[in-house]
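Undergrad: Chains S and B supply the protein sequences, listed in that same order. Each residue of the first sequence is one higher than the one before, starting from 1 at the first, in my numbering. Each residue of the second sequence is one higher than the one before, starting from 1 at the first, in my numbering.
Don't read these hints as lab results, they were simulated from the structure. Possibly wrong hints are sitting among the right ones.
A short list of chain S residues far from chain B (calculated; beta carbon distances all over 12 Å) [as the list claims (entries may be wrong)]:
#  : residue
1  : Val10
2  : Ala11
3  : Arg15
4  : Arg30
5  : Gly32
6  : Thr35
7  : Glu42
8  : Gly45
9  : Leu50
10 : Gly63
11 : Arg91
Each pair of labels, with its calculated beta carbon distance range [claimed, not checked]:
#  : chain 1 : residue 1 : chain 2 : residue 2 : range
12 : S       : Glu74     : B       : Val84     : 36 to 46 Å
13 : B       : Phe108    : S       : Arg30     : 42 to 52 Å
14 : B       : Ala223    : S       : Leu27     : 19 to 29 Å
15 : S       : Gly63     : B       : Pro89     : 34 to 44 Å
This one's a predicted model, so the numbers in the text were calculated from it and none came from an experiment. Virtual Cβ for every residue (Gly too), placed ideally from N, Cα, C.
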Amino acid sequence: MAAPEAGIDVALRARAVDAITTQLHRLLKRDGPITEDMLMAEHLGLSSSLGLELLLEVEEVLGVQIDVETMDPERTRTVGELATFVAGHGRPW
Amino acid sequence: MTALDAVSVYTPETSVPIEDLSEPLGLTDMQVKLFRRFHGLDEVRLDRNRSLHDLLRCALHGLTALGGNENRVRYVIHGRAMPVVVPYPENPLHDVCREFGLGHASTFTVTQQSCASGLLAVELAGRLLAEDSRPDALAVVLTGEKAFTRDAQLLPGTSIFSEGASACLVSTTGQRDRLLSYVCHQRGEFDIEIGETTERFQREYRPALASVMRQAVAEAGLALDDIRLILPHNVNVVTWQRLCLLLDYPLERVVLSNVATGGHVFCADAFANYRTALDGGLLREGDHYLVAAVGSGNGATFSAMLFQH
Numbered sequence: 001m002a003a004p005e006a007g008i009d010v011a012l013r014a015r016a017v018d019a020i021t022t023q024l025h026r027l028l029k030r031d032g033p034i035t036e037d038m039l040m041a042e043h044l045g046l047s048s049s050l051g052l053e054l055l056l057e058v059e060e061v062l063g064v065q066i067d068v069e070t071m072d073p074e075r076t077r078t079v080g081e082l083a084t085f086v087a088g089h090g091r092p093w
Numbered sequence: 001m002t003a004l005d006a007v008s009v010y011t012p013e014t015s016v017p018i019e020d021l022s023e024p025l026g027l028t029d030m031q032v033k034l035f036r037r038f039h040g041l042d043e044v045r046l047d048r049n050r051s052l053h054d055l056l057r058c059a060l061h062g063l064t065a066l067g068g069n070e071n072r073v074r075y076v077i078h079g080r081a082m083p084v085v086v087p088y089p090e091n092p093l094h095d096v097c098r099e100f101g102l103g104h105a106s107t108f109t110v111t112q113q114s115c116a117s118g119l120l121a122v123e124l125a126g127r128l129l130a131e132d133s134r135p136d137a138l139a140v141v142l143t144g145e146k147a148f149t150r151d152a153q154l155l156p157g158t159s160i161f162s163e164g165a166s167a168c169l170v171s172t173t174g175q176r177d178r179l180l181s182y183v184c185h186q187r188g189e190f191d192i193e194i195g196e197t198t199e200r201f202q203r204e205y206r207p208a209l210a211s212v213m214r215q216a217v218a219e220a221g222l223a224l225d226d227i228r229l230i231l232p233h234n235v236n237v238v239t240w241q242r243l244c245l246l247l248d249y250p251l252e253r254v255v256l257s258n259v260a261t262g263g264h265v266f267c268a269d270a271f272a273n274y275r276t277a278l279d280g281g282l283l284r285e286g287d288h289y290l291v292a293a294v295g296s297g298n299g300a301t302f303s304a305m306l307f308q309h
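Chain B on its own, in the form it takes in the complex (with noise of 0.2 Å):
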């Protein structure tokens, strides 16, 4: 079954209020206002002296556990946003994985789930190892990006991205944080960035995600009500106001405190919230937590693992 051995997180120390960004980003008053009052963003996480590659190297460095097991990990793969994010040749995945010592490993990007692509490299790692043949195999998934242009810092309306990265040790033998199901929908009729579908999707953002909330939930065997903490993803606040009415969930087991001063890391949400719950204590051996995700862009994808700690 797969497991999460160790996750680490890296976020940049220089916090950029949301106002500062106003003018580079072309942002009215009325849209700082917006962020700030129901969005809950407050400011953001942008470093533009750290590169892609220090991003990935620091996630990296985080991940003691990787010690001494470099030789176990047969996979590493990179669970990205944006397909696009250094020029040719440049590979900052291929660099940190030989400066790590795992230039031995099967090496691989996904992008293709947009924002919800770090959930599909966990999946994707957990099968890779179940098929594997040394059963002490191990696979690195990492997250991280940098937001260098308007489109990658900015979803109009919605949010505004921070920087960051992580780094997550899987396993098929982990005795903690074990995945017991994993759903995700591909709406492929979402073409936002067409922005012909962009009030549909809108619409039906907060039941499509509901839907596979519910369905890892209802595939592990289990009701809300056993599920300790809800992971969200960062786009905002008052999306998970609104999708806890709607799944009669308490609003106070979702951990949102990220997202007023960590903002939204594209793929790495997921595991700067589990961070925070297990640095926080909120997560107890036992403890059932659904994690979910939502990508869009040229079709949206919407995700939810669930894990028992």
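Only chain S is shown next, with the shape it has when bound in the complex (with noise of 0.2 Å):
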């Protein structure tokens, strides 16, 4: 599991690691395991625009705004990073 950063709200990072694993089986179509480690795009195929399908209900379920200008896909490549991307630069609506 990756480590998430220092001041991270690490309940908020939990409940986005489930959601983004949750929407992953669900727009992937997918059975198997998804761990945090797992890159999107590569191991499980995740395109760009199915990407923003994913940001979009993540939102929804946490009740958060990403703040999506200042995300770097290059550094939002696994679940874990995703998740601790929204747990530091999300804002409620």
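Hints are included, so try docking the two chains, each in its own frame, into the full complex.
TA: What follows is the structure, encoded as structure tokens:
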């Protein structure tokens, strides 16, 4: 499991991991396990357009708005990295 | 040196909220939400009562600098995304040329680079003028298209097209908006219409566009920090948010204000954003600005032009 950054809301991050994996299973119609270290594009086949749908679903489940303007796709490639970003750069609607 | 002497843009006044297009375009509620939340689209401009001929005429009508200079115009080039736009033998381009006293000019259309064909038309205009025997010769570059079918209205998961047109007077002697560099990478391997390379195209899109933009800046002997503004294509906002992270360029200096209500107008985006920058006082004398365009279809084209205002 990737180590969350200092200062991250651990509970929110855990909820983000849960939301991301649930939505990835649904969007990709995938039955197998999805772990935090998996690369979403390379390992799971997530396209950039489906990636946006994932973000929208995660926003709705968590009730936050993700700051996509500062979201670098190169640094949010794994489930764990994306969860850390969401926990650190999401604000309530 | 190629220069833009005057630019006119026409967009229909009729705005259509993207929700109203969900049924005709077959969009789900989620797809509409995505367009609003991440792509930054609120409404598009469509006018069922105006033909392509009308769009081109409106753009040319706004090109007031043309008046009195018609005889100097040697070339009229229509940069267009779609190869077939009217039934044979209609030819709205020839019709508007005759109406505006340009019937004597050599007139043709380029569509080979899809939505990047507008920049190609500017480049070709400059090349033709440079070889012309008359030093005061002018060219008119037109863009303009109707979103007349579902394929012409929607880039699935990416953008929704608006209708509009532009007219641009090009010279080799103008002192404003001089073209310093043009870089164009044609990538035939991306056959987006077939669909097999869509995912790879999505992955390589931003690096490929960033590459031509950096190269255009370098060829002009400048650095990105020297660029006052980027005039983007208006495909969507999220692409530019991510491209700015990749380029390390401030997003607030990318003219994105037309995306929400003006939309992606095929080859006209660059000219619409130029007018917005000019009318909004965003460009001062001597400023450098970078124009970027991407065309995709049967192959993809990534283009960047660097101008000095």
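Undergrad: Look at each hint and say if it fits the structure.
TA: Now for the hints, and whether the structure bears them out:
| no. | hint | in the structure |
| --- | --- | --- |
| 1 | Val10 | holds, 26 Å |
| 2 | Ala11 | holds, 25 Å |
| 3 | Arg15 | holds, 20 Å |
| 4 | Arg30 | holds, 16 Å |
| 5 | Gly32 | holds, 20 Å |
| 6 | Thr35 | holds, 22 Å |
| 7 | Glu42 | violated, 10 Å |
| 8 | Gly45 | violated, 8 Å |
| 9 | Leu50 | violated, 8 Å |
| 10 | Gly63 | holds, 14 Å |
| 11 | Arg91 | holds, 14 Å |
| 12 | Glu74/S with Val84/B: 36 to 46 Å | holds, 40 Å |
| 13 | Phe108/B with Arg30/S: 42 to 52 Å | holds, 51 Å |
| 14 | Ala223/B with Leu27/S: 19 to 29 Å | violated, 41 Å |
| 15 | Gly63/S with Pro89/B: 34 to 44 Å | violated, 59 Å |
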